[in-house]
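Chains as they are written, first to last, in our numbering: chain A, 10 to 306; chain B, -18 to 237.
Hints in this document: simulated from the structure, not taken from any laboratory.
For glycine and all other residues, C-beta sits at the position ideal for the given N, C-alpha and C.
What you were told as hints is all true, and nothing was included just to trick you.
Pairs of lysine to any residue, SDA-like flavour, derived with a Cα cap of 25 Å:
1) A:165 <-> B:121
2) A:109 <-> B:110
3) A:190 <-> B:21
A few chain A residues that face chain B, going by a derived Cβ cut-off under 10 Å, partial list only:
4) 105
5) 106
6) 131
7) 134
8) 142
9) 143
10) 146
11) 149
12) 162
13) 163
14) 204
15) 208
16) 211
17) 217
18) 219
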Amino acid sequence: MTPSRGVFTPQTRSPQGNVIVSPVEQIDDAQPVAHPAPVSYKSMVAAPAIELCDLTKSLSGRTVLDGVSLSIQKGETMSVIGGSGAGKSVTLKHIVGLMKPDRGCVKVDGVDVTNTNHGSLEAARRKIGFCFQGSALLNSLTVFENIALPLREHEKLDEAEIRRRVDEKLALVGLGKDGHKMTSEISGGMKKRVGLARAIIRNPEIILYDEPTAGLDPVMGTAINDLILDMQKKLSVTSVLVTHDMSSAFRVSNRIAMLVKGRILKLGTPAEFRASDDPMVKQFIYGESEGPLTRPA
Amino acid sequence: MLALVSKAQRWFENACLGAGYTLDLFVRAMGQVAQIGRKRRETIQQLNLCTFGSMPVVFITALFTGMIVSLQTGQVLRDFGQESTLGYIVTIGMCREMGPVFTCLSLAGLVGSTYAAEIGTMKVSEEVDALEVMSINPVYYLVMPRLIALSLAAVALTVYANVIGIAGGALVARSNFDVDFEVFVKNGRDALKMKDVYGGLLKTFIFGTTIAVVACAQGLRAEGGPAGVGRATLKSVVISFMLILVFDYLLTWMIW
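Let the sequences and hints guide you as you build the complete structure.
Right under this line is the structure:
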């Protein structure tokens, strides 16, 4: 439960007993040599990019989030893992203001998006790019038009500048020649990449990924992981991934938070997760069918 | 018994919530109308879709409505030797009632269901959420162009339906009751007042707005995957049909 090796200092706890971690001094993350390591965030500024304080939410009478407190530093890549229904996607939806909590707050760059006027919420959203699990591309538009949409709606740019920016992002996600295609004509992996291109078109400071590798074959999953690492390197963004793909979480994350029944069970580096003796963590990361996570309450 | 009361209470609560959401959506959509210039391309696209897409169905509906009215009333009028007044009845009937109501019932089935299914699919596939995250107001982006397009298309199609319906009525009057076209048209023109034309078009404008708002509201409230989209589409058509008939009575009472 407690992060080991004194990686996080200082450390406090919320009234619900969840760990609130603030400034990180050092990450000692032993990545497999075969993969490019996530960008280090050793010298990050103290102010967190995203702060969840005692976040509580019930849906249809079931408590989905139960006092979640978490602080994500600027430039950090945080993966939120957990089984289906653990509250991962709900957490992301709170960060972008698509859901309002029953209790607690969400701060994006110091602005409380749960208790604020529409203008402030829009300003907070301006800093965020969101990659949806199903890509959520508009079917009536082409790939190019989907990516250009935020620019056309919010920025007064001429068509040549829009084309330049969209082409740049398409090239960044490796789809330079596919702008003219309708979204129904492209594969699931390409859709994920288009979704990512759309998320980064306005150069956000934070990118949220909802199950970025779900439903993809292993090769395409690795390609998406590489893209996430690329975004981190090239754009120096703060990233939050919601995933139950452990290889993806280990590969791209600086830190991982594991949600179980709406609470953070463990927060730590990928190395700490690998070394963890917690039976729930072990069952989840090794994908075992028998164990405390699947035992009836 | 208690379960029945509780079920009725839940139904009533849901109905009130739905009505509140629809009214709120209407107010928010009206608040976006000033932005129509930025959405003119989408609005014209929707207008084309509503108008030209519905023309064949409206043609058949209006033609046979005019013919049936002419046939039924003609048979009664023949007993009194008053067949020549068919032009009066068919023209007034089409412009005041049949044209607006049947056109809008067709539009509720054709366009309203399309809107509900389209927006409902966007809702369940998170496209509406994506718009919000991109700070694009779904009411501005999805609802407002459809609302304006359908309201205008309803008016244009009602004019078209009136003409077709009157022509159908004239055809039956000529073939079944030996009423000359000139007599039919003259009687119709004499009977028709501007209030009948404008009243009918005002009704159809309100029906068109109602269909669009109800359909978009049902689409935006869809949840639970394809089954939810199906439910939203069905509800959109049923609610639109009911509201058209209720509003028709109220507007007829107020205008004439």
